[in-house]
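Protein chains: 2
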Amino acid sequence: MADKKIPYKIYLEESEMPRSWYNVRADMKNKPAPLLNPDTLQPMTAEDLSGVFCEELVQQELDETNAYLPIPEEIRDFYKMYRPSPLVRAYCLEEKLQTPAKIYYKFEGNNTSGSHKLNSAIAQAYYAKKQGLKGVTTETGAGQWGTALSMACSYFDLDCKVFMVKVSYEQKPFRREVMRTYGASVTPSPSETTAVGRKILAAHPGTSGSLGCAISEAVETAANTPGYRYVLGSVLNQVLLHQTVIGLETKAALDKYNIKPDIIIGCAGGGSNLGGLISPFVGEKLRGEADYRIIAVEPASCPSLTRGVYAYDFCDTGMVCPLAKMYTLGSGFIPAANHAGGLRYHGMSPVLSQLYHDGLMEAISVPQTSVFEAAEQFARVEGILPAPESSHAIRVAIDEAMKCKETGEEKTIVFGLTGTGYFDMVAYEKFHDGKMEDYVPTDEELATYRAMLPKVE
Amino acid sequence: MADKKIPYKIYLEESEMPRSWYNVRADMKNKPAPLLNPDTLQPMTAEDLSGVFCEELVQQELDETNAYLPIPEEIRDFYKMYRPSPLVRAYCLEEKLQTPAKIYYKFEGNNTSGSHKLNSAIAQAYYAKKQGLKGVTTETGAGQWGTALSMACSYFDLDCKVFMVKVSYEQKPFRREVMRTYGASVTPSPSETTAVGRKILAAHPGTSGSLGCAISEAVETAANTPGYRYVLGSVLNQVLLHQTVIGLETKAALDKYNIKPDIIIGCAGGGSNLGGLISPFVGEKLRGEADYRIIAVEPASCPSLTRGVYAYDFCDTGMVCPLAKMYTLGSGFIPAANHAGGLRYHGMSPVLSQLYHDGLMEAISVPQTSVFEAAEQFARVEGILPAPESSHAIRVAIDEAMKCKETGEEKTIVFGLTGTGYFDMVAYEKFHDGKMEDYVPTDEELATYRAMLPKVE
Chain A
42 MADKKIPYKI
52 YLEESEMPRS
62 WYNVRADMKN
72 KPAPLLNPDT
82 LQPMTAEDLS
92 GVFCEELVQQ
102 ELDETNAYLP
112 IPEEIRDFYK
122 MYRPSPLVRA
132 YCLEEKLQTP
142 AKIYYKFEGN
152 NTSGSHKLNS
162 AIAQAYYAKK
172 QGLKGVTTET
182 GAGQWGTALS
192 MACSYFDLDC
202 KVFMVKVSYE
212 QKPFRREVMR
222 TYGASVTPSP
232 SETTAVGRKI
242 LAAHPGTSGS
252 LGCAISEAVE
262 TAANTPGYRY
272 VLGSVLNQVL
282 LHQTVIGLET
292 KAALDKYNIK
302 PDIIIGCAGG
312 GSNLGGLISP
322 FVGEKLRGEA
332 DYRIIAVEPA
342 SCPSLTRGVY
352 AYDFCDTGMV
362 CPLAKMYTLG
372 SGFIPAANHA
382 GGLRYHGMSP
392 VLSQLYHDGL
402 MEAISVPQTS
412 VFEAAEQFAR
422 VEGILPAPES
432 SHAIRVAIDE
442 AMKCKETGEE
452 KTIVFGLTGT
462 GYFDMVAYEK
472 FHDGKMEDYV
482 PTDEELATYR
492 AMLPKVE
Chain B
42 MADKKIPYKI
52 YLEESEMPRS
62 WYNVRADMKN
72 KPAPLLNPDT
82 LQPMTAEDLS
92 GVFCEELVQQ
102 ELDETNAYLP
112 IPEEIRDFYK
122 MYRPSPLVRA
132 YCLEEKLQTP
142 AKIYYKFEGN
152 NTSGSHKLNS
162 AIAQAYYAKK
172 QGLKGVTTET
182 GAGQWGTALS
192 MACSYFDLDC
202 KVFMVKVSYE
212 QKPFRREVMR
222 TYGASVTPSP
232 SETTAVGRKI
242 LAAHPGTSGS
252 LGCAISEAVE
262 TAANTPGYRY
272 VLGSVLNQVL
282 LHQTVIGLET
292 KAALDKYNIK
302 PDIIIGCAGG
312 GSNLGGLISP
322 FVGEKLRGEA
332 DYRIIAVEPA
342 SCPSLTRGVY
352 AYDFCDTGMV
362 CPLAKMYTLG
372 SGFIPAANHA
382 GGLRYHGMSP
392 VLSQLYHDGL
402 MEAISVPQTS
412 VFEAAEQFAR
422 VEGILPAPES
432 SHAIRVAIDE
442 AMKCKETGEE
452 KTIVFGLTGT
462 GYFDMVAYEK
472 FHDGKMEDYV
482 PTDEELATYR
492 AMLPKVE
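Chains as they are written, first to last, in this note's numbering: chain A, 42 to 498; chain B, 42 to 498.
Just so you know, these hints were derived from the structure itself, not from any lab.
If a hint is listed, it holds; no wrong ones were tucked in.
Copies of the same chain look alike in the list, so a pair counts if it works inside one copy or between any two.
No more than 20 angstroms apart at the CA atoms, straight line, and that leaves these computed lysine to aspartate or glutamate pairs for EDC-like: (1) K301 - E325; (2) K170 - E114; (3) K46 - D296; (4) K137 - E115; (5) K137 - D440; (6) K137 - D118; (7) K297 - E54; (8) K297 - E55; (9) K471 - E211.
Looking at chain A on its own, in the form it has when it is part of the complex:
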């Protein structure tokens, strides 16, 4: 058993919380490719972007030179309600596994949104408020992002219009009520409130909606409502930037106890959590100061890094948003109804895509049932019921720890535990009842959507 000189939970002082976000693009030799205007196929300018996003966020989106961007005091004050988040030493899991590995996880679930999403939501709400906007629009699928944004808007007295995929709106009433508690208006999508919604409803009267459609409705509403902008919870450079508070805190906590990780693991959907966690460590790799093994974990049902291609593609199913160069399965790819709603995106953040392309991180895909096995094993000894998304990272952390058991190596493993699974009990129930299926797309299926990629370059 470990000697336990390191506390179970490393809490930084509030004064040790990062004062700047870290912009990894500044240290990247190969910059991520720019977003392209879907009409002209030219790089999106600040002017193009400012019709949709707040001005300061546009600057952050395009900034490739400043490595550190100060976190405004108002955002730091909000962060203090739930940050610094703990870096936990998984003593109990280590003992259960009887592994010589040292396992740590950065836990982002100790806030009502239940995930890391709040880190960027509060930043985006702050800049919207600062610009004098009345409100923001967004879409949400499973509801984590919508919940986080509702909390952030409530704090700054901003109006918040959430388009929630209709099937989730109906099947996940609890998430909806959390958003209403924070004063957001939640509209099932497709709706009669937008032109695109009416068009889709006319064509498919019984549709239960999709994320792509909800994005289109949110973008249209922002464009047509004076004083509103659209905000997004992942994929974008600005979102990864805000999420670096995770990685910076992790690094500060490790440094405080002179711990050097060997392996850093995070789940990957659009890339916001993974990018935020690994950025400061990747920065060290890029600057030649240190080396780490970095592993992105994605679901076998939606394997954008491991089985996608690196190409320009639409960010949304509706093809109204800019084109991004990224690892993608094709914007037409609809992943099977797996239970990690946050990991069902067809593409991957352009920053992470470039890093992966340049060999700075690895990627692994894992099947759903093995993820829930890891989730349950973790919950029983570590006391935290993890979100299905986060459990992808747990799966690979356990696998790596078991390899250490075989080899006797005392590796230090750090993974991101992005959130809690309190609103995912339907998925756990399926797992307990043996009704959970593992779906893996066939090569033919992937080839079909790959063939539909836009022709760029």
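Position chain B relative to chain A; hints supplied.
Frame of chain A, contents of chain B only:
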């Protein structure tokens, strides 16, 4: 605006966590009246109790002399997974209310059980394991206690049989799944597995169950299964003792920053959270070292302290458990279906009843809709979605802070935030939709059940 010299969240170091629980009975001049054997009306002896409870817990139940009982290292290790819990300065709430009052809350919701219940669950599981038992039985209504006990038993590899009130089992499948995740067997009550269950099912085939019936089934199962004991999540002296970790940490955190509270507020159901929070402060009052205003808050629909009588009564509806002298509405009283499931007990912990009787604390009852108004107000600025139970304390904390605004007094208010409301969104939905009702029992109704109290003394 406050100068914010105090951090938003005061986290003690693990080394500052209490090493002993505090037994307030040692300092009480008027000891709580003993439990009585329902057959003989004589005080329950250790022997009487040890058929139902573990031996060390029986000792704790009867101990009126030792002020400090050491917390075993194994329990402290488990505590470290989620403790010390933060004492939060509610800067944002203060600013929203524009009050000169300083508001603090001790937050017990940062663990998967979602409440303070885990503090006693792990202790009871530990002593069961130490005694070589195979497992424990219990009942659960809304599910907080069952969840906490499942987590504790999973940690110590103990079997855990939970009888869950049938209506909750069916309407709250998520709580049930959390328990299953931790390996507990969850049986809807009444069930065919016990004599008392079969009897009730035969008499009332369509019954949706009650807490009283679930208690009876759990007690019967423990008595009839070799190697099993029954455990309970509130009311008992031993439970209050374990929960003093809340108050001891609160006091240590306040002392660390030289903060002296004027008012201490907690919600009161069976009394476990309130007793745990206030015990160290009451101890100071009893020893003449300090003075505090202490307020118990209960629902207007189940007002045992404010409208009950101080008398011997059955602890359970089924009248199989010992008699306790307490403030009670009568064991036959069934509170209206309010949404604070943890505050629907007809009686009150004997320790707290005695303290209230001796004028060491006050009590207030509040109607449900005003509780949810406070809950929503709190959630929007403090970022935590509170449990309906906890929100009773928030209601009175806000009321006291608003009095300070009128008088200009800078009082320091501390309240217990026992847990999160993630599994209570049906209640929030009713509140949002204006469908929540306030029920207050009539004097006639209360008189009916009072007349049915057992004749003792």
